[in-house]
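There are 4 protein chains.
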Amino acid sequence: MKILPKLERKLRRLRKKVTRSPLTRKLDLFHESARKKAFQESCETYKSQIEKEYEVRNTLPKLNRSNKEAFLSDGTFHQAVGRVLLVAEFFAMMPVKGVTAKHPSNLSFSWRNIRTCFSVLFIASSFTNFGLSLYKVLNNPISFNSIKPIIFRGSVLLVLIVSLNLARRWPQLMMYWHTVEQDLPQYQTQMGRWKLGHTIAMVMLVGMMLSVAEHILSMISAINYASFCNRTADPIQNYFLRTNDEIFFVASYSTPLAIWGKFQNVYSTFIWNYMDMFVMIVSIGLAAKFRQLNDDLRNFKGMNMAPAYWSERRIQYRNICILCDKMDDAISLITMVSFSNNLYFICVQLLRSLNTMPSVAHAVYFYFSLIFLIGRTLAVSLYSANVHDESRLTLRHLRCVPKESWCPEVKRFTEEVISDEVALTGMKFFHLTRKLVLSVAGTIVTYELVLIQFHEDNDLWDCEQSYYS
Amino acid sequence: MKILPKLERKLRRLRKKVTRSPLTRKLDLFHESARKKAFQESCETYKSQIEKEYEVRNTLPKLNRSNKEAFLSDGTFHQAVGRVLLVAEFFAMMPVKGVTAKHPSNLSFSWRNIRTCFSVLFIASSFTNFGLSLYKVLNNPISFNSIKPIIFRGSVLLVLIVSLNLARRWPQLMMYWHTVEQDLPQYQTQMGRWKLGHTIAMVMLVGMMLSVAEHILSMISAINYASFCNRTADPIQNYFLRTNDEIFFVASYSTPLAIWGKFQNVYSTFIWNYMDMFVMIVSIGLAAKFRQLNDDLRNFKGMNMAPAYWSERRIQYRNICILCDKMDDAISLITMVSFSNNLYFICVQLLRSLNTMPSVAHAVYFYFSLIFLIGRTLAVSLYSANVHDESRLTLRHLRCVPKESWCPEVKRFTEEVISDEVALTGMKFFHLTRKLVLSVAGTIVTYELVLIQFHEDNDLWDCEQSYYS
Amino acid sequence: MKILPKLERKLRRLRKKVTRSPLTRKLDLFHESARKKAFQESCETYKSQIEKEYEVRNTLPKLNRSNKEAFLSDGTFHQAVGRVLLVAEFFAMMPVKGVTAKHPSNLSFSWRNIRTCFSVLFIASSFTNFGLSLYKVLNNPISFNSIKPIIFRGSVLLVLIVSLNLARRWPQLMMYWHTVEQDLPQYQTQMGRWKLGHTIAMVMLVGMMLSVAEHILSMISAINYASFCNRTADPIQNYFLRTNDEIFFVASYSTPLAIWGKFQNVYSTFIWNYMDMFVMIVSIGLAAKFRQLNDDLRNFKGMNMAPAYWSERRIQYRNICILCDKMDDAISLITMVSFSNNLYFICVQLLRSLNTMPSVAHAVYFYFSLIFLIGRTLAVSLYSANVHDESRLTLRHLRCVPKESWCPEVKRFTEEVISDEVALTGMKFFHLTRKLVLSVAGTIVTYELVLIQFHEDNDLWDCEQSYYS
Amino acid sequence: MKILPKLERKLRRLRKKVTRSPLTRKLDLFHESARKKAFQESCETYKSQIEKEYEVRNTLPKLNRSNKEAFLSDGTFHQAVGRVLLVAEFFAMMPVKGVTAKHPSNLSFSWRNIRTCFSVLFIASSFTNFGLSLYKVLNNPISFNSIKPIIFRGSVLLVLIVSLNLARRWPQLMMYWHTVEQDLPQYQTQMGRWKLGHTIAMVMLVGMMLSVAEHILSMISAINYASFCNRTADPIQNYFLRTNDEIFFVASYSTPLAIWGKFQNVYSTFIWNYMDMFVMIVSIGLAAKFRQLNDDLRNFKGMNMAPAYWSERRIQYRNICILCDKMDDAISLITMVSFSNNLYFICVQLLRSLNTMPSVAHAVYFYFSLIFLIGRTLAVSLYSANVHDESRLTLRHLRCVPKESWCPEVKRFTEEVISDEVALTGMKFFHLTRKLVLSVAGTIVTYELVLIQFHEDNDLWDCEQSYYS
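Chains as they are written, first to last, in this note's numbering: chain A, 1 to 469; chain B, 1 to 469; chain C, 1 to 469; chain D, 1 to 469.
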């Protein structure tokens with residue numbers, strides 16, 4: 001009975017030959033050979049590239065940098081983000097238990113946990129501080145510049161509440177993330193596994209360093225300023241009177257209040273920086289997952305793969321998209337707050353930049369803080385745009401699928417990649433892509449141009465004004 | 001004879017096995033098992049989600065809230081919108097007979113109906129009032145601020161005429177809506193049926209409450225103002241002289257005229273609010289129909305469905321799209337008027353906000369009215385953007401169709417969802433989506449920034465000025 | 001031997017039954033019946049609509065309006081546009097021979113034709129006039145307002161040259177148009193044939209009427225103004241000194257020069273209006289061809305058509321697209337000039353609108369001309385956007401193709417309609433769609449708002465200024 | 001055994017006939033004949049077009065223009081760009097060896113080469129110059145206008161560094177380009193081969209000529225100005241003191257320094273112009289490759305081609321896309337610098353244009369330089385937008401593939417052309433398309449309008465100001 005299929009195949013071949021004219025057949029042969037040559041050539045350049053990458057991959061990182069850690073990392077987002085969340089917990093955010101545990105199933109949230117209590121307490125304290133700021137601002141004429149303290153403290157408060165809510169959903173989110181990660185094609189080298197955690201740690205470290213540097217510079221400048229506008233004889237008291245004017249607008253000076261104000265300021269500054277970094281870190285994680293998939297696709301680029309391979313990759317791609325969506329739902333309010341905050345502060349700072357600085361300390365602090373602000377905004381924008389870029393990159397590999405293995409599954413995969421817009425969003429109002437960065441930059445530049453053109457010195461640096469950021 | 005097909009299937013299987021190399025086969029098996037695992041896992045999280053939702057669904061709503069009504073509702077738009085239209089009829093709009101009837105076939109429009117006569121009469125009255133406003137404005141220097149009464153009364157008049165025309169087409173529209181609704185997959189619970197009517201009633205109620213509150217505040221502020229700019233000894237006369245200055249610009253004071261003016265003002269204010277609410281309510285209705293379809297798709301998500309299932313869903317989706325189109329044709333002029341009106345009024349109010357308020361009553365009224373205006377605009381925008389969002393959501397379910405049941409019908413369905421832009425429009429000039437909301441907000445903020453930067457106090461609050469919004 | 005295919009079909013049916021589970025089969029039946037009901041219902045509403053349309057179609061147009069003409073028209077663009085081109089030829093544009101001939105093959109262009117000579121002569125005359133305007137403007141301080149005469153005369157000159165070039169290509173374009181038209185599905189009624197020519201004639205008539213009305217008003221206002229700024233005792237001389245100041249800036253007053261100037265003004269004004277109308281008329285023609293195709297598709301909507309039907313329609317659609325492209329290549333420079341001209345003039349007029357008018361005659365002329373300008377711009381925009389709208393409408397009919405007749409040809413047709421952006425363009429820089437209209441309107445409003453906010457009376461109406469538009 | 005396939009084919013035909021009703025068959029025949037007629041007609045117009053083109057092709061170019069060169073050219077980008085790079089090398093850019101060699105394999109980069117050393121040396125010299133400019137600017141009040149020297153020198157320095165890096169990758173890029181070119185369908189005539197090189201040479205020549213003319217005008221104007229603001233008795237010294245004020249701000253006048261400054265100025269000006277021309281030339285090259293492919297597709301337009309033909313063309317298209325991507329990666333920083341530079345300089349020049357010119361020499365220089373700047377910007381924009389336009393043109397040919405040869409490969413090709421956005425980018429922030437040109441022009445016009453409206457003479461032409469560009 002086995003002859004039958006063989007026979008049928010033979011017949012099919014014959015039939016094909018008959019339906020085609022001899023000229024077409026010759027043309028076909030000619031085209032085929034030309035195509036093969038082209039393919040071979042592009043294959044060779046590709047092979048050389050792969051080999052080069054392989055070399056890079058195998059040259060181990062500088063061995064003096066925590067080698068052990070590199071070999072223990074398993075490349076999961078949960079593990080990579082652990083220490084970042086630990087720092088956040090110290091600053092009263094994201095009160096989840098088990099962030100440094102090996103497996104996301106150890107994560108838990110409880111209202112009775114000490115972390116949660118601290119977080120809730122700090123929210124109450126921030127709320128009081130926000131109320132005081134609001135009271136002071138409303139008792140003075142309102143302008144674009146004068147509402148700065150409300151915007152600052154208000155957004156910190158909002159982020160605190162959102163992060164508390166996020167903490168409740170975190171264990172579940174991480175479990176889903178873990179499921180998706182387990183299903184993805186495995187990293188080929190230990191380097192690959194190590195890289196995600198390393199990048200996140202580096203971003204956190206650099207961000208924190210710069211944030212601390214800015215805070216110290218702000219203190220120096222404030223001390224300098226306080227002595228210039230000295231209201232009392234005590235320089236420390238002057239400093240606190242100035243940096244916490246919203247407290248001493250209603251109460252007279254007392255050391256505990258000053259300490260509370262200072263504590264509030266330090267924590268607020270951290271949280272204000274942390275929200276940007278958090279968006280960055282989630283973006284890095286999501287982009288890394290897309291890259292993991294793309295790396296696998298690149299390894300098999302131009303080869304004849306079975307439909308099941310493509311089907312599997314498509315489902316994996318879909319899973320990362322769903323993950324992206326879930327994460328976006330969870331953090332899009334933070335993204336929105338972070339973006340509008342940055343835009344507002346850049347505009348205010350640029351407005352101030354036109355005025356003459358009262359002292360060198362101010363000038364140094366001001367320009368450092370402005371550059372830090374712009375740099376941070378750019379970093380958030382570009383890192384989050386990267387999620388979109390990586391998700392589109394898949395298309396490039398799908399374009400090179402050879403004719404022979406072009407099947408409905410590849411077609412479906414391609415169409416899904418083309419038509420989906422995978423990106424973090426600001427509450428679905430805008431997608432974080434490189435085009436957005438350009439349009440935001442364009443808006444700022446236009447605004448600055450108009451400002452410069454019609455500028456009169458407004459003397460925004462006066463002693464009466466609210467100081468802190 | 002039954003052996004033959006069986007035999008053929010066997011042969012096919014054999015042939016497949018032969019054409020594939022053993023390695024490919026092994027890889028396939030491996031991939032298949034991995035894919036199955038991934039699918040199973042995602043299936044489990046999905047199942048738990050469904051179960052959770054099921055629980056929520058079965059926990060009945062608070063029983064003290066008109067339970068009976070909930071169990072009588074059949075979830076049609078006609079029924080849900082009935083009382084809303086009844087209120088409108090009281091305010092001389094939408095003179096359709098039978099709005100509270102069970103079935104849309106009882107709807108009818110007749111020029112001889114008492115409702116229609118009242119409506120036509122009120123249009124004539126409004127036209128007179130509009131003429132008087134126009135006359136007053138043209139006899140004073142024209143500015144962005146001074147044309148407010150014309151814009152207000154003009155758009156009210158336009159909406160009245162459009163709504164009269166809409167009333168003529170309403171019975172036919174509702175019949176089409178009914179046909180589409182009957183064909184849709186049925187609600188699974190009584191809760192689902194009850195929800196649409198409930199949401200519409202709540203939106204109407206809250207909107208009316210806030211509108212009444214604003215009108216009362218405006219009266220208090222006007223009385224306050226009238227006594228400050230008192231032209232005569234009589235405070236009531238002062239009030240009417242002020243709020244209906246367009247009438248007493250041509251005629252001397254008389255009580256019937258004052259009452260007519262007051263009546264006109266109250267009705268105009270209601271209609272001005274109602275047009276926004278009407279757009280919202282239609283949007284809620286359309287979005288609910290898409291949701292009904294999506295709910296069904298979600299229930300069968302990831303399962304192997306027959307092509308006929310997909311074909312049916314595609315035709316239902318198409319029907320809702322056509323319904324959307326028909327409704328948009330009918331109300332897009334109202335949408336346009338509502339949007340441009342809101343934009344204009346926000347700009348005018350923001351311009352005014354820079355000036356100092358003459359009294360506390362004014363300040364309270366002004367900020368309440370500004371926040372109400374912005375809130376209402378946002379609500380209209382977001383509710384109508386929701387139609388677009390819901391129509392795109394279908395795609396998410398289609399992405400999860402398993403490989404086995406991927407057929408030409410699903411493909412066609414997917415492609416239609418991708419390429420159609422289903423949304424309410426402002427006369428086809430713009431689609432109501434979330435991106436529009438952002439760009440409108442951006443425009444307002446930019447305008448406000450320019451205003452603030454170059455502001456000089458224009459003293460827009462003077463006694464000579466036309467008062468009524 | 002005939003048993004074999006029959007047998008095979010039977011087998012196939014059996015095979016299908018076997019592969020499906022009984023449940024699926026039942027579900028299928030259920031779905032199928034539901035789908036059929038839905039389809040039937042939507043079919044009925046559709047049929048009633050068709051019948052209604054049919055009635056409208058058969059009620060003949062008012063019989064007192066050149067009945068004979070209606071029955072002689074064959075619905076071709078060549079015939080419809082004939083008289084429009086005849087008028088243009090009278091005003092020294094489009095010197096093509098045979099524009100009123102029955103068949104486009106009678107069209108010809110020759111450099112030796114009297115029309116061409118007149119056209120070339122007028123171009124030379126316009127060039128001289130443009131040179132004089134340029135000379136006068138460069139000898140005065142340049143501002144946004146003062147360059148008006150150069151823009152006006154420069155664009156008229158440009159359009160003249162482009163139209164001469166277009167005339168050379170016109171016979172070939174019309175032949176192509178004719179070929180496409182012949183291939184299209186025929187009109188069903190004589191009304192359909194008559195409509196295109198009628199619409200074009202109406203647009204031309206209304207445009208010309210308004211243009212003449214505006215010119216007469218401008219003359220009255222200029223006479224009024226000239227007597228106010230009288231330089232000499234002769235009122236006629238005053239008028240010409242004012243309206244042709246660019247001539248009498250270099251030469252002393254003489255009657256022949258004044259007559260030449262007047263002639264130049266009248267002709268320039270006509271051409272300035274004609275370019276807008278020409279864009280409108282071509283748009284109407286193109287949109288009508290798409291509508292002709294769409295009407296045929298609507299007649300067969302929801303029916304099971306053979307693949308050949310779809311293939312034919314697709315090729316017809318493609319042909320109209322190519323026609324659109326060819327026409328756009330030919331007239332896109334005129335479109336560009338028309339659009340930028342209108343934008344510039346609207347901005348200038350709005351700038352002027354803020355100043356107080358010197359007399360009532362001026363005010364009447366000014367507001368009439370402003371409204372005419374805005375109306376004309378809107379008309380051009382909307383008529384040309386209509387080409388795009390009609391080309392997209394085809395999609396709506398393709399969406400309703402029943403499952404049974406869904407074939408690769410329909411799929412290809414659908415995909416082509418989705419991905420092509422068929423529209424007239426301004427030199428490929430922008431596509432003329434409704435979204436463009438909105439963004440242009442937005443730009444003008446923003447500009448006007450900024451102007452109003454920072455306005456100081458510039459006294460743009462002085463006697464020294466160049467007058468003629 | 002040969003009967004079987006024949007038999008089966010017969011059966012299939014029969015089956016088809018049976019499944020179709022007689023009416024459908026008749027309709028089919030009717031449609032088919034109509035379609036054939038339409039096709040034939042469009043074919044004829046097409047043939048006549050091809051023939052016309054053929055004639056043009058065979059009329060040899062003017063024979064007095066380096067005929068030999070035309071017949072030696074092989075149409076590769078490497079050969080066409082050779083002399084352009086030679087000129088660049090003379091100006092210390094792109095230090096690659098073997099640019100004029102026949103084959104790209106002769107290209108090489110070495111750090112020890114004399115060209116590289118010269119380039120590195122010049123970078124060091126430019127860096128010093130940049131430092132001096134920065135020092136001078138920071139010691140004066142900063143404004144939009146005063147930072148011009150930093151922007152100018154900074155971007156020149158950046159381009160120098162990027163071009164050094166590009167030189168390292170150039171041999172590899174050219175090899176890839178060569179591979180792609182070899183695989184493309186061959187040019188049909190020697191004219192085709194000659195055209196690319198000719199266009200590039202012309203663009204370079206015209207660009208250089210205008211650049212030299214501008215530099216000479218700038219020198220005349222500077223000499224004129226220097227004598228007006230004469231600080232010393234020596235006119236040459238005055239000239240150098242003025243044009244190299246950043247050097248003589250820190251050092252006293254000496255002839256070697258003046259010569260160094262002059263040398264730096266000449267070279268910087270060249271490089272500033274060259275970066276625009278380089279972007280243009282690469283764009284011309286890429287667009288030419290797409291055109292080569294499109295020409296081949298047009299030659300076979302409407303014919304029935306084998307699937308292998310389409311497969312081959314698709315891979316070729318893909319290869320050019322990848323080439324585009326590689327080139328964009330390599331030069332996108334240059335593109336970005338070039339674009340932002342041009343935008344900034346146009347804005348600054350327009351700002352200056354509002355002031356009165358100190359002398360006729362200045363006016364001539366200023367307007368020449370402004371027009372040159374705008375023209376150059378437009379040229380860069382349009383040439384680079386051309387890459388995108390040519391890549392989309394492929395679609396037009398694919399639309400005309402007849403029904404019979406419509407196969408999965410054509411479908412895949414079409415879908416890839418539709419969904420890919422092939423264009424040069426500015427660091428992926430924006431794609432260089434015609435729409436971009438419009439939006440950039442719109443931005444500049446808006447900025448200029450705002451400037452004009454609120455202009456006060458700023459006296460930007462004072463003796464103290466930094467002069468050079």
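Think of the hints as simulated: they come from the structure by calculation, not from any bench.
This one's a predicted model, so the numbers in the text were calculated from it and none came from an experiment.
There's no promise every hint is true.
Pairs involving identical chains hold if they fit within one copy or between any two copies, as the list cannot separate such chains.
[To be verified] Listed next, the in silico DSSO-like pairs over lysine-lysine satisfying Cα-Cα at most 30 Å (straight line):
1) K102 to K195
2) K326 to K435
3) K428 to K301
4) K428 to K326
5) K262 to K136
6) K403 to K326
7) K301 to K195
8) K411 to K428
9) K97 to K411
10) K102 to K403
11) K411 to K326
12) K136 to K435
13) K301 to K403
14) K262 to K435
15) K97 to K195
16) K326 to K97
17) K301 to K411
18) K97 to K262
So, going through the hints one by one against the coordinates:
For the homomeric pair K102 and K195, the shortest alpha-carbon distance inside one copy (17 Å) is at most 30 Å, but the shortest distance between copies (44 Å) is not. Taking CA atoms no more than 30 Å apart as the test, K326 paired with K435 passes in both settings, with 23 Å inside one copy and 20 Å between copies. Proximity of K428 and K301 under a CA criterion of 30 Å is satisfied inter-copy only: 24 Å between copies versus 34 Å inside one chain copy. For the identical chains of this complex, K428 and K326 are neighbours both inside a copy (13 Å) and across copies (27 Å), given an alpha-carbon limit of 30 Å.
In this homomeric assembly, K262 and K136 come within 30 Å of each other (Cα to Cα) only inside a single copy, at 18 Å, whereas the closest approach across copies is 41 Å. Taking identical chains as interchangeable, the C-alpha atoms of K403 and K326 lie at most 30 Å apart only when they sit on different chains, with a minimum of 24 Å there against 36 Å within one chain. Taking the shortest alpha-carbon separations for K301 and K195, only the intra-copy value of 23 Å comes in at or below 30 Å, while the best inter-copy value is 36 Å. In this assembly of identical chains, K411 and K428 lie within 30 Å of each other by CA distance both inside one copy and across copies; the values are 28 Å within and 26 Å between.
With identical chains, the CA atoms of K97 and K411 are never at most 30 Å apart, being 44 Å at best within one copy and 45 Å at best between copies. In this assembly of identical chains, the alpha carbons of K102 and K403 never lie at most 30 Å apart, being 44 Å within a copy and 35 Å across copies at closest. In this assembly of identical chains, K411 and K326 lie within 30 Å of each other by CA distance both inside one copy and across copies; the values are 26 Å within and 25 Å between. With identical chains, the CA atoms of K136 and K435 are never at most 30 Å apart, being 39 Å at best within one copy and 36 Å at best between copies.
In this assembly of identical chains, the alpha carbons of K301 and K403 lie at most 30 Å apart whether taken from the same copy (13 Å) or from different copies (22 Å). Taking the shortest Cα distances, K262 and K435 never come within 30 Å of each other, neither inside one copy (40 Å) nor across copies (41 Å). For the identical chains of this complex, K97 and K195 are intra-copy neighbours only, at 25 Å inside a copy versus 38 Å across copies, given an alpha-carbon limit of 30 Å. In this assembly of identical chains, the alpha carbons of K326 and K97 lie at most 30 Å apart only when taken from the same copy (21 Å versus 47 Å across copies).
Both within a single protomer and between protomers do K301 and K411 lie at most 30 Å apart by alpha-carbon distance, with minima of 16 Å and 21 Å respectively. In the homo-oligomer, the alpha carbons of K97 and K262 lie at most 30 Å apart inside one protomer (28 Å), although the nearest pairing across protomers, at 63 Å, exceeds that limit.
Hint violations for this structure: numbers 9, 10, 12, 14, all remaining hints satisfied.
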